[in-house]
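A.B. asks: Sequence:
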Amino acid sequence: MANKKTVIVTGGSGGIGSAICCKLADAGWNTVVHYHSDHDAAEKIADDIKAQGGRAVSAKCNLSDEQQVAELFDATDAEFGEIHGVVACAGIGGGGPVVESTLDDFQKLLSVNVVGAYLTIREAARRIEEGGRIVFVSSQLAERPREGTGLYSATKAAIDAMIVSMSRELGTRDITINSVRPGATEPGMFADSSDERKEFFRNLSPFKRLGHPDDIAGVVEFLLSDDARWMTGQHLRVDGGASN
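Under the working numbering, think of the first position of the sequence shown as 1263, with each following residue one higher.
Don't read these hints as lab results, they were simulated from the structure. Don't be surprised by glycine CBs; every beta carbon is placed ideally from N, CA and C. The reader is advised that the hints may include incorrect statements.
When the alpha-carbon atoms are kept at most 30 Å apart in a straight line, the in silico DSS-like pairs for lysine-lysine are as follows [to be verified]:
(1) 1266 x 1306
(2) 1470 x 1460
(3) 1322 x 1266
(4) 1370 x 1306
If you anchor each label on the Cβ, the simulated ranges turn out as follows [unchecked claim]:
(5) 1471 x 1431: 33 to 43 Å
(6) 1327 x 1506: 37 to 47 Å
(7) 1314 x 1427: 35 to 45 Å
(8) 1420 x 1449: 23 to 33 Å
(9) 1306 x 1363: 13 to 23 Å
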């Protein structure tokens, strides 16, 4: 474990988030596995990392609460010291035609996918060390919305736009900020989709399969590495060629 850098992964107890936590821990990162409600899943991930010789803790936080987000960063600093990377992976799904949606439907998505991501990324920008890395886990649907995804797509596109602006604000501190845009990934939010829907998305990829969380985690690891120091304000498609 030669790296000894510290990263916060929000949504770290989820399908893609857990793969990111494990990948970064394997690369030597001290890892904070954030969760909102699934304490057992987050604890298991942290325990698995520690069993492999890594350093990890789980941390509960309501990301739409400004004070709790600040406390998450305070706790990380107290546990591991300086924060070098933040991965904003927490998110919720929601679909259906916009005309059939309710304001409550949209506000739930906004609370986590926009407000939660904004507070996480803003706090990261305030706290992270010079030369640090910020990564947002967006969605291929931010670029190419499909029928029934309007609300969800809008929330992801909002943060992607903010990232481009922030890349210019943070460049003077040698901090990079980028997003990855996964396609249909299982396990993850897509796990509960129908067999017919899964088959449709399999056929969009030249590989004729759905993505796996490890496919996303490897790209996130790259964006946090020194090899990605010349990339910022970018949205990387990680969808198996489905959007080509």
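A.B. asks: Are the hints correct? Go through all of them and say.
C.D. replies: Evaluated hints:
Annotation: proposed proximity of residue 1266 to residue 1306 holds, straight-line Cα distance about 21 Å (limit 30 Å). At roughly 11 Å between alpha-carbon atoms, residue 1470 and residue 1460 fall within 30 Å of each other, so this suggested pair holds. Using a Cα cut-off of 30 Å, the hinted pair residue 1322 and residue 1266 holds, with the two alpha carbons roughly 23 Å apart. A threshold of 30 Å between alpha carbons decides the hint, and for residue 1370 with residue 1306 the separation of about 27 Å falls inside it, so the pair holds.
Residue 1471 and residue 1431 have their C-beta atoms about 38 Å apart, which keeps the hinted 33 to 43 Å range intact. Restraint check, residue 1327 to residue 1506: a C-beta distance of roughly 40 Å satisfies the suggested window 37 to 47 Å. At roughly 38 Å, the beta-carbon separation of residue 1314 and residue 1427 lies within the given 35 to 45 Å, and the hint holds. Hint check: residue 1420 to residue 1449, Cβ distance near 26 Å, so the stated range 23 to 33 Å holds.
Hint check: residue 1306 to residue 1363, Cβ distance near 35 Å, so the stated range 13 to 23 Å is violated.
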